[in-house]
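Chemist: Each chain, written out:
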Amino acid sequence: NAGVTQTPKFQVLKTGQSMTLQCAQDMNHNSMYWYRQDPGMGLRLIYYSASEGTTDKGEVPNGYNVSRLNKREFSLRLESAAPSQTSVYFCASSDTGQRNYEQYFGPGTRLTVT
Amino acid sequence: QQQVKQSPQSLIVQKGGISIINCAYENTAFDYFPWYQQFPGKGPALLIAIRPDVSEKKEGRFTISFNKSAKQFSLHIMDSQPGDSATYFCASYYGGATNKLIFGTGTLLAVQP
Chain A
1 NAGVTQTPKF QVLKTGQSMT LQCAQDMNHN SMYWYRQDPG MGLRLIYYSA
51 SEGTTDKGEV PNGYNVSRLN KREFSLRLES AAPSQTSVYF CASSDTGQRN
101 YEQYFGPGTR LTVT
Chain V
1 QQQVKQSPQS LIVQKGGISI INCAYENTAF DYFPWYQQFP GKGPALLIAI
51 RPDVSEKKEG RFTISFNKSA KQFSLHIMDS QPGDSATYFC ASYYGGATNK
101 LIFGTGTLLA VQP
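So the protein lines, in turn, are chains A and V.
Just so you know, the first sequence maps onto residues 1 to 114 in this note's numbering.
Just so you know, the second sequence maps onto residues 1 to 113 in this note's numbering.
If you're looking for bench data, these hints aren't it; they were derived computationally from the structure.
As the structure is a computational prediction, the values presented were derived from the model and not from experiment.
One thing to keep in mind: the hints can contain errors.
[As the list claims (entries may be wrong)] Listed below are the simulated DSS-like cross-link pairs for lysine-lysine, each with C-alpha atoms no more than 25 Å apart in a straight line:
1) A/Lys71 / A/Lys57
2) V/Lys42 / V/Lys71
3) V/Lys42 / A/Lys9
4) V/Lys5 / A/Lys57
5) V/Lys58 / V/Lys5
6) V/Lys68 / A/Lys71
7) V/Lys71 / V/Lys15
8) V/Lys68 / V/Lys15
9) V/Lys71 / V/Lys5
Using the sequences and the accompanying hints, generate a full structural model.
Modeler: Take a look at the structure:
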């Protein structure tokens, strides 16, 4: 049982390049989330998906797109990377059938945009 | 956007001392208040959580104190150890079927031996 996995662990992009961050969970959770973590800013929600086939914007969605490919996988795409998107990105999942509201986080992807 | 305000931003405590981190929320509809712990290079993980029907919850050396009237909650770490050195985030759940959380800005705790 791997929990939440993310690839890649590290990535360096040049301004204007595109990339997709991959996330998968093996806990059969309904909801999945993408956050970015910046110093002094905490964890800010980019997009979330309440169930397969649905996605919604979070607090900071501009410059990002997401795909909930199936129940297990939730990807985050940067179409044209900007230095302001330099951050650590975390994927998380949660079982909305349980009222404990716990979110399980992946190990993160450290992205640098030059 | 509803906020959760967390303080202090950083904290240095001697081994064996008490670490205290505070959070304040705005929306009285919030009904679940977790604390997450994050070690360097790792993702956050749930440490302890409380619901507003109780004023305190204790798990080992970790205690959440909750003041509903003041809309504040705090994390107390008793007998702090160097292994507790990490970043701590408070959060609030604000309802709906998606388990979305609003996170505070984090507190970097360093416990000196």
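Chemist: Mind listing which of the numbered hints don't hold for this structure, in increasing order?
Modeler: Of the numbered hints given earlier, those the structure breaks are 2, 6, 7 and 8, listed in rising order.
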